[in-house]
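> Spelled out, the chains give:
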Amino acid sequence: MSGHVAELLALAAAGALDTGEADRVAAHLGECPACAERAGEWRNLADALRRLPRPRPERALAARAREMVEAGLAERAERAFNRAALAFLVGLAWTLAIFGWVVFDLVAGELALRLARPIGSVAAWYAAYLVAGWLAAGAAAVMLGRRAQEEGRTV
Amino acid sequence: MDADREDAARLCRGDTSGLAGLMDRHQDRLFRYLLRLLGDRSVAEDVFQQTWLRVAERIRRYDAERPFAPWLVTLARNLALDLLRRRRPESLEETAEPLAPPSGSDPLERAMARQSSARVEAALGALSALDREVLTLRFEDELALPELAATLGVPLPTAKARLYRALERLRARLAATALPGRTR
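Residue numbers (the numbering used here), protein chains in the order written: chain Y, 1 to 155; chain W, 1 to 184.
Just so you know, these hints were derived from the structure itself, not from any lab.
Bear in mind that the values here come from a model prediction, so they are computed numbers and not experimental data.
Among the clues, some could well be false.
Stated by the list, open to error - Computed footprint of chain Y on chain W; a stretch qualifies when at least three of its residues, placed anywhere within it, have a C-beta under 8 Å from a C-beta of chain Y:
# : stretch
1 : 8 to 22
2 : 51 to 60
3 : 123 to 134
As the list claims (entries may be wrong) - Restraint-style ranges between C-beta atoms, simulated for each label pair:
# : chain 1 : residue 1 : chain 2 : residue 2 : range
4 : Y       : ARG24     : W       : ALA161    : 15 to 23 Å
5 : Y       : GLU110    : W       : ALA9      : 54 to 62 Å
6 : W       : GLU6      : Y       : ALA137    : 16 to 24 Å
7 : W       : ASP40     : Y       : ALA71     : 42 to 50 Å
8 : W       : ASP82     : Y       : ARG146    : 50 to 58 Å
9 : W       : GLY153    : Y       : ARG50     : 19 to 27 Å
Where is the CB? At the ideal position from N, CA and C, for every residue including glycine.
Let the sequences and hints guide you as you build the complete structure.
As structure tokens, then:
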């Protein structure tokens, strides 16, 4: 029996031959008792594989998996909301910063008129305003980051 | 398949009832596949959970025109093979320790043990992960050859060759553990 025939016999038992191959194997088995016997052995093995016990997951495992996915989905939704909120806040901060220059210019002019004396460079005041804003935002980000880290450790 | 499509659409919208439906229909098959591939119940349970999490994360990439089960098995397969590769790169092709012959002094008991599916299961468990995978997909999940090839990500002739090699190795392992005089 050639290696190719042996392969065909095994694959026939596995139901993995095309029609032409299956016909050729059937014709050969009619003429070759040795191959017919070997084909029977392969069929027995294939049947044994099909009859193997089918292990199932425990109910608790499926429930845990579902809880895990639900928690993951909730976290994903929260992250998406946080990203959107952050994008909005960054946009708002830039708008205020740009708009702030116009306001600063007007207020500084008005103030200088009312005080009847110069109040210094508007650009310097504006720069101080921006730096103060960045420092406050940085401090808030650090505090939020620490809080998130602590929450992560306690979960 | 329509139920899968509806549940996948629900899950896409963040509705976890879609997940419940998909799990009800596919969890047994997924678990069995992972158990056979990984050969360890606790590891299979871990990857089982990770797979469903991956399903939820990637459900938007699922093409609802195609059956859900092969997509699910592909996700599970990638996770499981990554895990096996991380543990030991050679473990995919590696076989387990040779099995001891059936124990017990009573010849009848031994003969019955030889015939039992437990023996086939033990021999299957001693094959390499890739051999176990192809056999469980074909005989337990009853995937047709084209689906089998698609799931494994190989051409049809390669899938056929892998199926034959796995069967031949299983037969050889069973023969090696048979009692003297019954080596076939």
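> Next step is simple, just say for each hint if it's right about the structure.
To see whether the hints hold, each was checked on the structure:
| no. | hint | result |
| --- | --- | --- |
| 1 | 8 to 22 | holds (count 4) |
| 2 | 51 to 60 | holds (count 5) |
| 3 | 123 to 134 | violated (count 1) |
| 4 | Y:ARG24 to W:ALA161: 15 to 23 Å | 18 Å, holds |
| 5 | Y:GLU110 to W:ALA9: 54 to 62 Å | 60 Å, holds |
| 6 | W:GLU6 to Y:ALA137: 16 to 24 Å | 46 Å, violated |
| 7 | W:ASP40 to Y:ALA71: 42 to 50 Å | 25 Å, violated |
| 8 | W:ASP82 to Y:ARG146: 50 to 58 Å | 34 Å, violated |
| 9 | W:GLY153 to Y:ARG50: 19 to 27 Å | 25 Å, holds |
The earlier numbered hints that this structure contradicts are 3, 6, 7 and 8.
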